[in-house]
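Take a look at the letters that make up each chain.
Number of protein chains: 2
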Amino acid sequence: MGSTTALEHPFDLATDLTPAGEGRFLGRTSPGYSNMVGPFGGITAATMLRAVLDDPRCSGSPLSITVNYAGPVADGEFTIDADPVRTNNTTQHWVVTMSQHDAVVTTATVVCALRRDTWSDTEITPPAVPAPEAVEAAVTPEFPAWLGNYEMRFVEGGVPFEADSDGSPTSTTTLWVRDTPARTLDHLSLTAMCDIFFPRVMLRLGRMVPAGTVSFTVYFHTDAGQFPSDPTPYVLATARGQHFGNGFFDQSAQLWTADGTPLATSHQVVYFKG
Amino acid sequence: MGSTTALEHPFDLATDLTPAGEGRFLGRTSPGYSNMVGPFGGITAATMLRAVLDDPRCSGSPLSITVNYAGPVADGEFTIDADPVRTNNTTQHWVVTMSQHDAVVTTATVVCALRRDTWSDTEITPPAVPAPEAVEAAVTPEFPAWLGNYEMRFVEGGVPFEADSDGSPTSTTTLWVRDTPARTLDHLSLTAMCDIFFPRVMLRLGRMVPAGTVSFTVYFHTDAGQFPSDPTPYVLATARGQHFGNGFFDQSAQLWTADGTPLATSHQVVYFKG
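So the protein lines, in turn, are chains A and B.
The first sequence begins at 1 in full-length UniProt numbering and counts up one residue at a time.
The second sequence begins at 1 in full-length UniProt numbering and counts up one residue at a time.
Bound-form chain A, shown alone:
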């Protein structure tokens, strides 16, 4: 596609957008990032954010994004409309819509912010884990395809559907993860990584059930210039479900650098049958 900033990394190609007038961008789904049905939610979220970052009106760097998966995204082309509804001194508020054939398939709101140095503290703590090299890299299934873009080293709560099991009393998953091939971290790749956790309900039940994210939020704790410079950075990612019932559950996640700096906290509510 037409962006002059596209790199050759599959992630950058998958999120590449072509400007088509003020606030409008054209994109296309990537088979390499496909999920059970439609694209991996993380790549859709990253693409929604990329429309904002590609827009010349963008001010500041991402502070938060909420993505609502309104309907299935069909393989092929899509249109993203990004509207900076309010720009303040410190924050800029965007409403973003992805549509196909005039039907809305995804909505998002994005807040960008100009950060400044303040008092700082982290109350949460990263899980105690072995170094990534001491944890075996998982051989993930070939399907869904998007798994092939991530190296995953599970410390707790690995792939739940490799074999039927009795399930697990808790839904916690903790893993080391990085892009494969390697790619330096930024807000786009971090957004996608916040959605790499298998649906928690499958861990609990020990089997595959229909499930899909409905609403997904990321709070970014890292400014644009604060990402690790490591070109092959491992991210420590942990998530668990909070409440399951009535066909939905919610999940909270934390993503950390290898040296224990919080990159992002993330939350989602997920539909399931089971």
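Possibly wrong hints are sitting among the right ones.
Treat identical chains as interchangeable: a pair holds within one or across any two.
Stated by the list, open to error - Only pairs whose alpha carbons sit at most 16 angstroms apart, straight line, appear in this in silico EDC-like list of lysine to aspartate or glutamate:
id, residue 1, residue 2
1, Lys273, Asp121
2, Lys273, Asp117
3, Lys273, Glu8
4, Lys273, Asp81
5, Lys273, Glu136
6, Lys273, Glu77
7, Lys273, Asp102
In short, the hints are calculated from the structure, not lab data.
Note that the coordinates shown come from a computational prediction; the quantities given were computed from them, not determined experimentally.
Given the structure of chain A, go ahead and fit chain B onto it with the hints provided.
Structure of chain B alone, referenced to chain A:
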């Protein structure tokens, strides 16, 4: 105002809306729910949700809401536009905008859902606390005014700005809370209660600093028919900050019924100076 469903409770009056064409509602800020600057964020969020629930096109009951506080809400009238951008069998997706004098002051996305009985479990646990009657009701400051609408019984992490202090090593607040005068719980009052926590940064620093919610999300774990029938229901509410830095912090909260059923989980990212 013109709604025929308005009760005389101050909360219902404060969130009352007058229909003004398909998807458009007119409202007015309430002095009794004013904050330091503009209205209490919880009442604004509840009013955004009420526009969806008042809309005859609404299908299902609230599953999630994300509210972005885009700019200051001035005292006086406002317009809410609510657009059901996608209706599926199980979920309905709304984009909602509040404006004053043609400037966007608040945006929101709302997901409503038709729930059905499924496997259920709660992995989080409510904090161990005394019964509400065993905890002293706080004498909250007269300013900001919105505090007067809630009875608060703090178990941990009370009002941080009653007197200067050295601050606290953690930002956890746990309290029993209910509307005053009493009101049965519903999705609207629960939305507002998810935002009743003082900015966590003030607890940590032990003093008032400028702070304001930027983005606020609620996941509802209670269907419309599942709220306690108690007309004077206490809610057990707990929240803490996760990471503070660069002028922003995030907070996660849980709200429980008195008998330990999760009502909602909620998250927000907050601007601060300090």
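If you check each hint against the structure, which ones fail? Going through the list in order, the structure violates hints 3, 4, 5, 6, 7 and respects the others.
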